[in-house]
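Residues per chain, in single letters:
Protein chains: 2
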Amino acid sequence: MPEVRAGDALDDLIAAAAPEDLRAGDVLVVAHKVVSKAEGRTRRLDEIEPGERARQLAASDAARGKDPRLVQAILDESTAILRSGHGVLVCETHHGFVCANAGVDQSNAPDPDELTLLPKDPDRSARELRAGIAAARGVIPAVVVADSFGRAWRLGQVDVALGAAGLQPLDDWRGRRDASGRKLSATVIAVADAVAGAADLARTKDSGAPVVLVRGLERFVTAGDGPGAAVLRRPADEDFFR
Amino acid sequence: MPEVRAGDALDDLIAAAAPEDLRAGDVLVVAHKVVSKAEGRTRRLDEIEPGERARQLAASDAARGKDPRLVQAILDESTAILRSGHGVLVCETHHGFVCANAGVDQSNAPDPDELTLLPKDPDRSARELRAGIAAARGVIPAVVVADSFGRAWRLGQVDVALGAAGLQPLDDWRGRRDASGRKLSATVIAVADAVAGAADLARTKDSGAPVVLVRGLERFVTAGDGPGAAVLRRPADEDFFR
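Line by line, the protein sequences are chains A and B.
Under our numbering, the letters of the first sequence match residues 1 to 242, in that order.
Under our numbering, the letters of the second sequence match residues 1 to 242, in that order.
Honestly, I wouldn't trust all of these hints.
It does not matter which identical chain is used: a pair holds within one copy or between any two.
[To be verified] Listed below are the simulated EDC-like cross-link pairs for lysine to aspartate or glutamate, each with C-alpha atoms no more than 20 Å apart in a straight line:
(1) K66 <-> D76
(2) K66 <-> D111
(3) K205 <-> D178
(4) K205 <-> E218
(5) K66 <-> E238
(6) K120 <-> D8
(7) K205 <-> D76
(8) K66 <-> E47
(9) K66 <-> D225
(10) K183 <-> E238
(11) K205 <-> D172
(12) K183 <-> E114
(13) K183 <-> D206
If you're looking for bench data, these hints aren't it; they were derived computationally from the structure.
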């Protein structure tokens, strides 16, 4: 795929780059960065005026040398800072995601002054991409919009689904029986997150490959768009760690 | 594979069940439950005498109707209970894993009174399985021992690597450059966790398939056993949520 710029028709770019045998039942996992770029969800550092709180945070040990303008961009994307330290702000975003630096990222931008934000509504992004790819190609794959998230108690990041369309996000086994006939009481598999993580194994961070096609998950691919990855966000009232 | 019982040579069972073209570079992802069973890491409810704290917890809203003997088994596997509620105890285990109910599980046991615990040292389990499979088959695959963990801020579970041998657990991109030449400052991919999650997509909870072969990850497969999945546990002093 070519470098994606603001206003590009990302659905058409993906449709053109997808293999000839693209079929319903395939899942296209799209790195959120190209979605954000196409949607214009970027900011330039030199157009940000840091406020008082951003300056304070940037001067503290917590944000360890972060540019105050970057901290301001992170604050603008957040409803709350849950924790800060080790150079990371753990934020709750306007969507309700809990992640480092509210998903604001400087990497993979050709312009070092450019920040990439998370898409405004990643489920809508996934639905629009799905519809656009279907229109261009005549087959309707599932679409996942993915980003790499850290975890509270484990090192390293894994990709998760910010948005999804046409994919069952959760596989709920509660009340069903396992191989030995026992009724399962708590088993709900975060399918869309596992798919995002699997896709990330098929590329490298310097490959410039923003889309991965995952095949063989037909049992989770749905005719309709479905509820999207929003259902993967733990509601605040079931959250012990917010 | 046959039903696994205490004392079974799991390495030989896996070696016998693995496909004919098993090769170095393959990753065998093994559900921790068969590892625990083979290692005798199970307990019977009728042999557990719940103590005072277990009785109190079981009677509280937090553990919502849990059998006090199950709560005792969970306490025995834990160094700390971080949070409790919604019928779940979020525990830190003796290994340092943070997970629901300290990984103590009643499902997938043919005997409803049998509890499955986590393996004592899952990295050692992975190393021993790897060596045993290599001895039986003449090729040395990587081995991951996996379990399904919930996440602090996301619903549903994904599989993570409790143990690993012969697989690079983390792919550290810090200091390396992305596709646009920017130096990455925080990117470390939890490869072993992503592999565990990917493998879980290839089976269903009622398939009784305890091992999944993942192919195509040769770039992460190592000649030596490597540091294991222990390096994926976030140390307490870098943890904001313990």
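Against the structure, the hints:
{"no.": "1", "hint": "K66 <-> D76", "in the structure": "within (15 Å within a copy, 43 Å between copies)"}
{"no.": "2", "hint": "K66 <-> D111", "in the structure": "within (18 Å within a copy, 55 Å between copies)"}
{"no.": "3", "hint": "K205 <-> D178", "in the structure": "between (38 Å within a copy, 6 Å between copies)"}
{"no.": "4", "hint": "K205 <-> E218", "in the structure": "between (27 Å within a copy, 17 Å between copies)"}
{"no.": "5", "hint": "K66 <-> E238", "in the structure": "between (32 Å within a copy, 19 Å between copies)"}
{"no.": "6", "hint": "K120 <-> D8", "in the structure": "within (17 Å within a copy, 53 Å between copies)"}
{"no.": "7", "hint": "K205 <-> D76", "in the structure": "neither (27 Å within a copy, 42 Å between copies)"}
{"no.": "8", "hint": "K66 <-> E47", "in the structure": "within (16 Å within a copy, 56 Å between copies)"}
{"no.": "9", "hint": "K66 <-> D225", "in the structure": "neither (39 Å within a copy, 38 Å between copies)"}
{"no.": "10", "hint": "K183 <-> E238", "in the structure": "neither (23 Å within a copy, 38 Å between copies)"}
{"no.": "11", "hint": "K205 <-> D172", "in the structure": "between (32 Å within a copy, 10 Å between copies)"}
{"no.": "12", "hint": "K183 <-> E114", "in the structure": "between (51 Å within a copy, 14 Å between copies)"}
{"no.": "13", "hint": "K183 <-> D206", "in the structure": "between (45 Å within a copy, 10 Å between copies)"}
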